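Undergrad: The primary structure of each chain is shown beneath.
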Amino acid sequence: MSALFILIGISIVVASGFLVAFLWSASSGQYDDDYTPSVRILFDDAPATEEATEEKLSTRK
Amino acid sequence: MQASCYHCGDTCDDAIFDHDKAFCCNGCKQVYLLLNENNLCNYYDLDKSPGIKAKGKFIRERFAYLDDEATIKKLVQFSSSGQMNVVFTLPQIHCSSCIFLLENLHKINNGIITSQTNFHKKEIFIIFKPYLVSLRKVVELLSFIGYEPAITLDDAERKTPEIFNRHQVYKIGVAGFCFSNIMMLSFPEYFSGGHIEQAGLKETFAWINLTLSLPVFFFSASGIFISAWKGLRQSYLNIDAPIALAIVVTFVRSYYEIIFENGAGYLDSGTGIIFFLLIGHWFQNKTYNSFSFDRDYKSYFPLGATAIKGNVEKNIPVTQLQKGDRIIIRNGEMIPADALLAKGIAAIDYSFVSGETVPVQKRKGEVIYAGGKQTGGIIELEIIKEVSQSYITQLWNNDIFLGQKNADKSFIHPWSRYFTIALFSIAFCTILFWWRYDSSKIFPALTAVLIVACPCSLLLSATFTYGNMLRIFGKNKLYLKNAAVIESLAKINTIVFDKTGTITKNTSSTVTYDGVPLTSQELAAIKNITRQSSHPLSKVITASLQSETALPDITDFKEYAGRGLESTVDNIQVRMGSDSFIDQYDEKIISYDTGTHVYVMINNVYKGRFAISNQYRDGICNLIGRLKNKRFDLHVLSGDNNSEKRNLESIFYPTTKLLFNKSPQQKLDFIRSIQSDANLSTAAGANVLMLGDGLNDAGALRQSNVGIAVSDNTSQFSPACDAILDGENVKMLDKFIAFARSGKSIVAASFSLSILYNVVGLLFAVQGNLSPMIAAILMPISSISIVLLVTALSSLSARIKHL
Numbered sequence: 001m002s003a004l005f006i007l008i009g010i011s012i013v014v015a016s017g018f019l020v021a022f023l024w025s026a027s028s029g030q031y032d033d034d035y036t037p038s039v040r041i042l043f044d045d046a047p048a049t050e051e052a053t054e055e056k057l058s059t060r061k
Numbered sequence: 001m002q003a004s005c006y007h008c009g010d011t012c013d014d015a016i017f018d019h020d021k022a023f024c025c026n027g028c029k030q031v032y033l034l035l036n037e038n039n040l041c042n043y044y045d046l047d048k049s050p051g052i053k054a055k056g057k058f059i060r061e062r063f064a065y066l067d068d069e070a071t072i073k074k075l076v077q078f079s080s081s082g083q084m085n086v087v088f089t090l091p092q093i094h095c096s097s098c099i100f101l102l103e104n105l106h107k108i109n110n111g112i113i114t115s116q117t118n119f120h121k122k123e124i125f126i127i128f129k130p131y132l133v134s135l136r137k138v139v140e141l142l143s144f145i146g147y148e149p150a151i152t153l154d155d156a157e158r159k160t161p162e163i164f165n166r167h168q169v170y171k172i173g174v175a176g177f178c179f180s181n182i183m184m185l186s187f188p189e190y191f192s193g194g195h196i197e198q199a200g201l202k203e204t205f206a207w208i209n210l211t212l213s214l215p216v217f218f219f220s221a222s223g224i225f226i227s228a229w230k231g232l233r234q235s236y237l238n239i240d241a242p243i244a245l246a247i248v249v250t251f252v253r254s255y256y257e258i259i260f261e262n263g264a265g266y267l268d269s270g271t272g273i274i275f276f277l278l279i280g281h282w283f284q285n286k287t288y289n290s291f292s293f294d295r296d297y298k299s300y301f302p303l304g305a306t307a308i309k310g311n312v313e314k315n316i317p318v319t320q321l322q323k324g325d326r327i328i329i330r331n332g333e334m335i336p337a338d339a340l341l342a343k344g345i346a347a348i349d350y351s352f353v354s355g356e357t358v359p360v361q362k363r364k365g366e367v368i369y370a371g372g373k374q375t376g377g378i379i380e381l382e383i384i385k386e387v388s389q390s391y392i393t394q395l396w397n398n399d400i401f402l403g404q405k406n407a408d409k410s411f412i413h414p415w416s417r418y419f420t421i422a423l424f425s426i427a428f429c430t431i432l433f434w435w436r437y438d439s440s441k442i443f444p445a446l447t448a449v450l451i452v453a454c455p456c457s458l459l460l461s462a463t464f465t466y467g468n469m470l471r472i473f474g475k476n477k478l479y480l481k482n483a484a485v486i487e488s489l490a491k492i493n494t495i496v497f498d499k500t501g502t503i504t505k506n507t508s509s510t511v512t513y514d515g516v517p518l519t520s521q522e523l524a525a526i527k528n529i530t531r532q533s534s535h536p537l538s539k540v541i542t543a544s545l546q547s548e549t550a551l552p553d554i555t556d557f558k559e560y561a562g563r564g565l566e567s568t569v570d571n572i573q574v575r576m577g578s579d580s581f582i583d584q585y586d587e588k589i590i591s592y593d594t595g596t597h598v599y600v601m602i603n604n605v606y607k608g609r610f611a612i613s614n615q616y617r618d619g620i621c622n623l624i625g626r627l628k629n630k631r632f633d634l635h636v637l638s639g640d641n642n643s644e645k646r647n648l649e650s651i652f653y654p655t656t657k658l659l660f661n662k663s664p665q666q667k668l669d670f671i672r673s674i675q676s677d678a679n680l681s682t683a684a685g686a687n688v689l690m691l692g693d694g695l696n697d698a699g700a701l702r703q704s705n706v707g708i709a710v711s712d713n714t715s716q717f718s719p720a721c722d723a724i725l726d727g728e729n730v731k732m733l734d735k736f737i738a739f740a741r742s743g744k745s746i747v748a749a750s751f752s753l754s755i756l757y758n759v760v761g762l763l764f765a766v767q768g769n770l771s772p773m774i775a776a777i778l779m780p781i782s783s784i785s786i787v788l789l790v791t792a793l794s795s796l797s798a799r800i801k802h803l
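Chains A and B, in that order, give the protein sequences.
Per the working numbering, the very first residue in the first sequence carries number 1; after that it's consecutive.
Per the working numbering, the very first residue in the second sequence carries number 1; after that it's consecutive.
Hints may be right or wrong, so weigh each one.
If you want the footprint, here are the derived chain B segments under chain A, 3+ residues with CB under 8 Å [to be verified]:
(1) 195-207
(2) 258-269
(3) 422-429
Below, a sample of chain A positions facing chain B; criterion: calculated Cβ distance under 7 Å [as the list claims (entries may be wrong)]:
(4) Met1
(5) Leu19
(6) Val20
(7) Leu23
(8) Trp24
(9) Ala26
(10) Tyr31
(11) Asp33
(12) Tyr35
(13) Thr36
(14) Phe43
Worth flagging that the hints you see were computed from the coordinates, not collected in a lab.
For clarity, every value in this text was computed on a predicted model and none was experimentally measured.
By construction, the Cβ of each residue, glycine as well, lies at the ideal position given by its N, Cα and C atoms.
Take these sequences, add in the hints, and give me the full structure.
TA: Next up, the structure:
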């Protein structure tokens with residue numbers, strides 16, 4: 001049972017590591033804007049140009 | 001059927017066609033072509049008509065100052081030989097198309113490496129290669145596509161809100177971490193019923209909990225303590241005071257138990273409270289942000305000005321005025337933006353701005369400030385500063401002018417003041433009660449009581465309901481000065497209508513002349529004189545006269561409000577006005593009151609009269625019918641003669657008072673008299689709504705409980721009114737009043753609901769049956785639910801009324 005003390009100690013250290021990682025990521029500024037990324041992911045990529053599509057069609061044959 | 005511009009959605013007067021699409025101007029077309037070339041037409045798919053109309057010609061020289069080294073240094077965040085970083089504020093960002101376009105700038109110009117937008121802050125962050133494209137070119141590109149950056153050279157304040165939000169994130173992170181670990185380490189305590197066999201484990205857990213709770217108490221909760229302390233210093237108990245007290249009580253009690261009594265404390269609840277409160281605040285802010293009440297950048301502000309482009313006079317909305325534009329201002333019209341006097345004699349009345357009623361004489365080349373009113377003939381101005389809608393709205397709300405009107409505070413305010421005091425009394429009684437009967441319950445009961453009570457919803461119900469309603473009214477072209485007008489509107493029981501311009505349309509009236517034929521010179525003189533005045537009848541006559549002759553400036557222009565004009569042009573003295581006005585000078589006029597007439601005297605000889613047909617607005621008959629059914633008292637006050645009496649009698653009910661030939665002062669007196677008339681349905685007399693035209697009815701509008709100025713996109717803006725209504729929507733008046741009344745019931749309903757929340761919560765809390773942690777969760781839930789409820793109810797109410 002005394003192993004429990006050591007285990008609790010280690011787990012708190014590991015968990016604090018995660019806390020530090022969180023604070024570090026917040027300070028990098030990625031959470032400052034929480035709205036625009038949600039719009040950004042919905043944009044389509046630019047449509048392929050006509051030549052590229054034709055090439056694809058011809059090679060497929 | 002007018003086409004609407006594919007780019008910006010405005011109606012096109014002379015549409016320009018290209019690629020099978022219509023554009024309202026060359027500017028919009030150019031932007032479209034640019035996007036098309038670069039395969040960015042997805043812009044138009046993401047949102048309807050997302051484009052922003054370019055204001056006037058795009059002039060490159062405006063950005064010449066951005067070539068200066070020192071300026072560039074001030075504006076950029078980072079600069080090296082290969083790269084420059086800059087942040088700009090773009091107030092025009094309003095939809096997802098904007099984000100799309102602005103983040104694809106690199107496709108338009110190779111020199112731009114990347115660009116990223118922040119929607120809420122309306123900012124764009126651009127990284128570009130200075131050797132390929134200069135800062136000036138970047139700004140020119142942004143302006144060209146419609147997103148001109150708002151550049152001020154003292155950007156000192158931008159940093160702070162960013163850092164503030166980040167601190168909130170840190171606090172939530174720390175609180176969450178500590179809370180969950182403390183929770184986990186408290187399980188053994190719960191599950192073993194207080195007896196942990198292994199020696200030393202209990203103390204270890206307790207002390208670890210204590211250590212973990214410290215950052216939460218001192219860091220995460222610091223915001224709450226600071227806010228409560230600030231309130232206390234001003235001898236005022238704010239919302240955070242009871243919460244701060246609850247937290248302090250919990251923590252102190254827990255530390256005491258752990259240190260001296262070998263107990264376990266209540267740190268799991270304590271940290272849990274703080275964590276859930278912070279999450280609640282964060283969530284609330286997100287909800288509030290999405291109900292943005294700022295009037296949209298593209299929204300219509302109901303004020304027009306007559307601009308001169310070339311030789312053509314055109315009425316355009318003031319928001320489209322640019323520096324260097326020329327406008328003409330007639331007698332009584334308001335100057336919409338700072339300008340230089342170019343032509344004419346200006347006598348400016350600044351009562352709107354400073355309360356000073358004596359007009360100030362201005363000479364050519366002098367600056368005239370926005371908000372002043374011209375008294376005298378026509379003047380031509382050159383704009384030197386763009387119109388600021390917020391400035392005009394601010395003047396509108398200025399207390400100098402307002403006096404005591406709408407000063408009754410909302411009916412909610414007295415309650416919130418006593419709330420916290422009531423809460424502390426309840427808390428105190430709870431302590432006393434449990435002390436007597438079962439002291440183990442004091443503590444949970446006390447903390448639960450302090451936390452569950454939430455006064456936020458009381459204050460928020462009114463703000464959010466009225467905010468949403470203002471937005472809905474605006475969409476229906478009724479612009480209220482502020483939210484207090486909604487409550488006044490709900491109390492209305494009497495409506496007074498002006499006739500000319502309010503019930504009748506200003507546009508599309510036919511004018512015929514009857515009398516001694518006038519020479520072309522005389523006609524030109526008449527046209528020039530009526531052009532000076534902004535009275536609806538003058539405008540109609542000006543529009544109907546065809547005259548190409550330009551005459552020298554008018555001297556000696558005098559307008560007698562509601563009665564007539566007098567002036568001298570090119571040695572011809574002209575007097576025009578109502579029959580009573582002309583009667584003063586020549587008693588031989590025979591007037592058959594068979595319509596609206598403007599009588600003309602030239603060089604003291606009576607010549608004849610103009611007959612102007614009255615055309616009533618669509619839907620007026622039905623409106624009056626509906627108003628009668630709802631038991632409003634109706635009156636008509638007109639400055640005109642009683643020729644329209646029969647027509648009006650058929651529209652209005654026979655018992656409606658129809659009063660004619662009223663001067664502005666008489667209209668004011670009439671309103672005052674019915675307001676204090678105790679013979680009416682309400683003991684205090686009538687609550688009067690007056691609909692009139694801003695200029696001639698200014699006094700009456702101010703006197704009535706709610707004054708609405710009816711506008712047809714004219715430049716008549718009177719600060720005396722409480723709201724501006726577009727002429728097209730006068731027929732919806734009954735719906736507006738009904739909506740305002742429903743607003744009041746919505747606020748009352750949500751108010752009762754929030755009191756109910758508090759009462760039920762407190763009932764459980766005083767019995768000690770409510771865990772403080774659950775209380776902390778319930779608090780933000782209650783305020784968010786109330787906000788959502790009032791917004792949904794007011795939008796629903798609008799939809800039911802077809803608004």
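Undergrad: Evaluate each hint against the coordinates.
TA: Here is how each hint holds up against the structure:
1. As drawn, the region 195-207 of chain B meets chain A at 4 residues by the rule of a beta-carbon pair under 8 Å; at three or more, the given contact holds.
2. Closer than 8 Å: that is the beta-carbon criterion, and the region 258-269 of chain B has 0 residues meeting it against chain A, so the requirement of 3 is violated.
3. Against chain A, the region 422-429 of chain B contributes 0 residues with a C-beta closer than 8 Å to a partner C-beta. That does not satisfy the three-residue criterion, and the hint is violated.
4. Nearest Cβ of chain B to the Cβ of Met1 (chain A): about 5 Å, under the 7 Å cut. The hint holds.
5. Contact between Leu19 (chain A) and chain B, as hinted, is supported at the beta carbon level, the nearest pair being about 5 Å apart and thus within 7 Å.
6. Of the supplied interface hints, the one on Val20 (chain A) is violated, with its beta-carbon coming no nearer than about 10 Å to a beta-carbon of chain B, more than 7 Å.
7. Because the smallest distance between the Cβ of Leu23 (chain A) and any Cβ of chain B comes to about 6 Å, under 7 Å, the interface hint for this residue holds.
8. The interface hint given for Trp24 (chain A) is violated, since its Cβ lies 10 Å from the closest Cβ of chain B, which is over the 7 Å cut-off.
9. Of the supplied interface hints, the one on Ala26 (chain A) holds, with its beta-carbon coming within about 5 Å of a beta-carbon of chain B, less than 7 Å.
10. With 7 Å as the threshold, the beta carbon of Tyr31 (chain A) comes within range of chain B, its nearest partner Cβ sitting at about 5 Å, so the hint holds.
11. The beta carbon of Asp33 (chain A) comes within 5 Å of a beta carbon in chain B, closer than 7 Å, and the hint placing it at the interface holds.
12. Among the interface hints, the one on Tyr35 (chain A) holds; its C-beta lies about 5 Å from the nearest C-beta in chain B, closer than the 7 Å criterion.
13. Satisfaction of the interface hint for Thr36 (chain A) is found here, the shortest Cβ-Cβ separation to chain B being roughly 5 Å, below the 7 Å cut-off.
14. The interface hint given for Phe43 (chain A) holds, since its Cβ lies 6 Å from the closest Cβ of chain B, which is under the 7 Å cut-off.
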